[in-house]
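> What follows is each chain in one-letter form.
2 protein chains.
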Amino acid sequence: MHRVHNFSAGPSQLPLPVLKEVQEELLDIQGMGASIMEISHRGKIFGPIYDQVRERLREALGLDDSWRVGFVTGGATMQFGLIPMNFLSQDGRAAYFHTGTWSKKAIADAKLFGKVDLPFDSSESDFDHVPPPGATFTLDSSTRYAHFTSNNTIVGTQFASEPDTGGVPLVCDASSDFLSRPIDVDRYGMIYAGAQKNVGPAGVTIVCIRDSFLASNKVSDRAIPALMNYEQHLDQMPNTPPVFPIYMVNLVLGWLLEQGGVTAMQEKSGAKAALLYDEIDKDDYYRGTAQKESRSVMNVPFRLTDEAAEAHFIEKAEAAGLHGLKGHRFVGGMRASIYNACPMESVQALVDFMDEYRRTHG
Amino acid sequence: MHRVHNFSAGPSQLPLPVLKEVQEELLDIQGMGASIMEISHRGKIFGPIYDQVRERLREALGLDDSWRVGFVTGGATMQFGLIPMNFLSQDGRAAYFHTGTWSKKAIADAKLFGKVDLPFDSSESDFDHVPPPGATFTLDSSTRYAHFTSNNTIVGTQFASEPDTGGVPLVCDASSDFLSRPIDVDRYGMIYAGAQKNVGPAGVTIVCIRDSFLASNKVSDRAIPALMNYEQHLDQMPNTPPVFPIYMVNLVLGWLLEQGGVTAMQEKSGAKAALLYDEIDKDDYYRGTAQKESRSVMNVPFRLTDEAAEAHFIEKAEAAGLHGLKGHRFVGGMRASIYNACPMESVQALVDFMDEYRRTHG
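Those sequence lines, one after another, are chains A and B.
Each residue of the first sequence is one higher than the one before, counting from 1 in the working numbering.
Each residue of the second sequence is one higher than the one before, counting from 1 in the working numbering.
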């Protein structure tokens, strides 16, 4: 079996033991004589899986009974519209931290439904930074929620900690650093994440909403189609869910908890990112694109000082078994995505290659 | 490898050769060293798959260039809201054929957006029939579209042919008989289907919209979040799609075309359904629940005259390797779902069991 070192930004690498388990039981799950994809979502096999995945999610995130969890579809992008549809009335007000391409889409959808303030906006500097740790923001007293993108995959920035909004509940698009570190859940009203970076394949989106947030913010004067109403999804299945992606999220969460949960992931991510950024910062042969204080430990974009050589670098890297390093067109150059499932060995292989490339082409 | 005869209503049986191919390449697709789930949806592997699946869909359905196709999420239920959001303005009018649980949900969502007429309604008789073949309906001249559920999984009814709406374009929820027979696409404005009955695993929904229908019905005076706008999805990927479900739909469509396409499926379905209904009608030991003229060739619900014995029948069937026969709670009794991937051998095994059960317990 051939496996590359995989730095894809998403969909991205999955834990190998999980993939092997999926492969093994693909035609016959738990000896019942059918694939997980061929059986009822309300039956004896998937029912317990659906319970287990929510339990594991609660355990991994540290959510108590005041939280409800659900599995929806459409990715984070679908939630950009559903969040204001559910929680922002026409005369209501929400704050959005504008830190990149994803917040831009979220803001555009929110403006269709209510008033939007931007307490932070780094669009003028190509989104190369996010608010510094400890930054405080004074929001209008009528602000219903404050939305932020905890990690920005394209530019490679990440909030080091939650922005201080003076008690206004946070709504977080955590798609690209979900379950990579402990978070202070008490400050959140809602956390959502597309699975395809850190917890599974593309095709399912995790939504966690605090009961009190739902109770105090649910818009009552707007007609919302049944399946677009978040309440329909929380802790229940209103219709056939994406069974296979959810089944895989359950296996990835099992792997994550076995590895030591978010604390272990944070330690591992920190070590992987440090190794890579140290290589980038060693001299001026390579350079990072995000401001140092805002650097992400999940996505590490970098350039060659000699930009003309970048296509050659990526080609040689691919030939050396280092896959998915081409940077997003918005930033150019290279990007190494080193999510939870990316092993230290892959980062070491990349650093060795970068070292060798500098030596032989420098 | 243990495999049962699978009569699940959905998610349901998939073609075995497809599952085997998926299993084989699960860790390493096309020798690239990663799973189909671990690579970019815009890369060299999935790009051609995404083109191929749309080509195969056009070929299987017989769609020419006046049609656009897309892959969305949320199942048919999500489309219940998106269809009127996109195509029914507040002063607009749509007709809905009310033939079961699914049309009920579709009607409820449509009423949030515009005026809804019900040219046909079988709710008074527990939805045991649909309009007879050739039935014509005179609709209000301002009707934008006429929505119908071509096959009703719960009660086991199916439109034998499209209702005659005097030229008003049809919008069809074809989830449970998609690609099971040729259809007269010229009469449709939109065809949509959750994949999990006839063309893949749960987690992706196919949407086909005719250009002229889009042009003449697209609502212009309503703010629609980006990803809820159908135009964003047609023939393109606005965001990360459900990669694995789409990859599987592509394989199932390859299998279907190899088998001879929808004409071959229609022939096979007819033979399977005839075998089963003949067994049901043989005497009054079993009985069907839908009116004969409205019977579905996809879902065959049936009862024992001795209803108290049904739990025992289902238990014995399960023990004999006949899975998924428990009927929907709305109808009770048994239901055999015999979608495209269900082989004749499975139906024969069921009929043999029914015969034996009658003989030994009659």
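Because the hints were derived from the structure by calculation, they are not lab data.
Incorrect hints may have been included.
Since the list gives no way to pick one copy over another, a pair counts as held whenever it fits inside one copy or between any two copies.
Calculated pairs, SDA-like style, for lysine to any residue (alpha carbon to alpha carbon, straight line, at most 20 Å) [stated by the list, open to error]:
#1 K115 <-> R181
#2 K316 <-> G166
#3 K316 <-> G43
#4 K115 <-> G134
#5 K44 <-> D278
#6 K111 <-> V219
#7 K104 <-> L118
#8 K44 <-> A60
#9 K115 <-> I224
#10 K292 <-> S123
#11 K104 <-> A60
#12 K20 <-> L214
#13 K44 <-> G321
#14 K282 <-> I224
#15 K111 <-> N229
#16 K104 <-> G288
#17 K292 <-> T305
#18 K44 <-> A311
#19 K44 <-> L112
#20 K20 <-> R359
#21 K218 <-> H129
Only a predicted model underlies this, so the values are computations on that prediction, with no experimental measurement involved.
> Could you figure out if K44 and L112 sit no more than 20 Å apart (CA to CA) within one copy, between two copies, both or neither?
The answer is neither: 42 Å in one copy and 36 Å across copies each exceed 20 Å.
> For K115 vs I224, is the C-alpha pair at or below 20 Å within one copy, between two copies, both, or neither?
Both: 19 Å inside a chain and 16 Å across chains, each within 20 Å.
> Can you tell me if K282 and I224 fall within 20 Å by alpha carbon in one copy, between copies, both or neither?
For K282 and I224, the Cα distance exceeds 20 Å both inside one copy (54 Å) and across copies (49 Å).
> If the cut is 20 Å between Cα atoms, do K292 and T305 qualify within a copy, between copies, both or neither?
For K292 and T305, the Cα distance is within 20 Å only inside one copy (17 Å; across copies 75 Å).
> At most 20 Å between alpha carbons: which applies to K104 and G288, within, between, both or neither?
Classified as neither; 23 Å inside a copy, 55 Å across copies.
> Reference check for the pair K316 and G43, CA-CA at most 20 Å: within, between, both, or neither?
Between. Shortest inter-copy distance 18 Å satisfies the 20 Å Cα cut-off; intra-copy 49 Å does not.
> Classify it for me, K44 with D278: is the Cα-Cα distance of at most 20 Å met within a copy, between copies, both or neither?
Cα proximity of K44 and D278: none, with 50 Å in one copy and 31 Å across.
> Checking K20 and L214: alpha-carbon separation at most 20 Å within a copy, between copies, both or neither?
Answer is neither: 39 Å inside a copy and 44 Å across each miss the 20 Å cutoff.
> From the Cα coordinates, with 20 Å as the cut-off, is the pair K115 and G134 best called within, between, both, or neither?
Answer is neither: 26 Å inside a copy and 52 Å across each miss the 20 Å cutoff.
> Is it within a copy, between copies, both, or neither that the alpha carbon of K44 lies no farther than 20 Å from that of A311?
Cα proximity of K44 and A311: across copies only (16 Å, versus 51 Å in one copy).
> Which holds for K316 with G166 at a C-alpha limit of 20 Å: within a copy, between copies, both or neither?
For K316 and G166, the Cα distance exceeds 20 Å both inside one copy (50 Å) and across copies (63 Å).
> Quick one: K20 to R359, C-alpha cut-off 20 Å, is that within a copy, between copies, both, or neither?
neither (38 Å within a copy, 46 Å between copies)
The structure fails hints 1, 2, 4, 5, 8, 11, 12, 14, 16, 19, 20, 21 (numbered hints given earlier, in ascending order).
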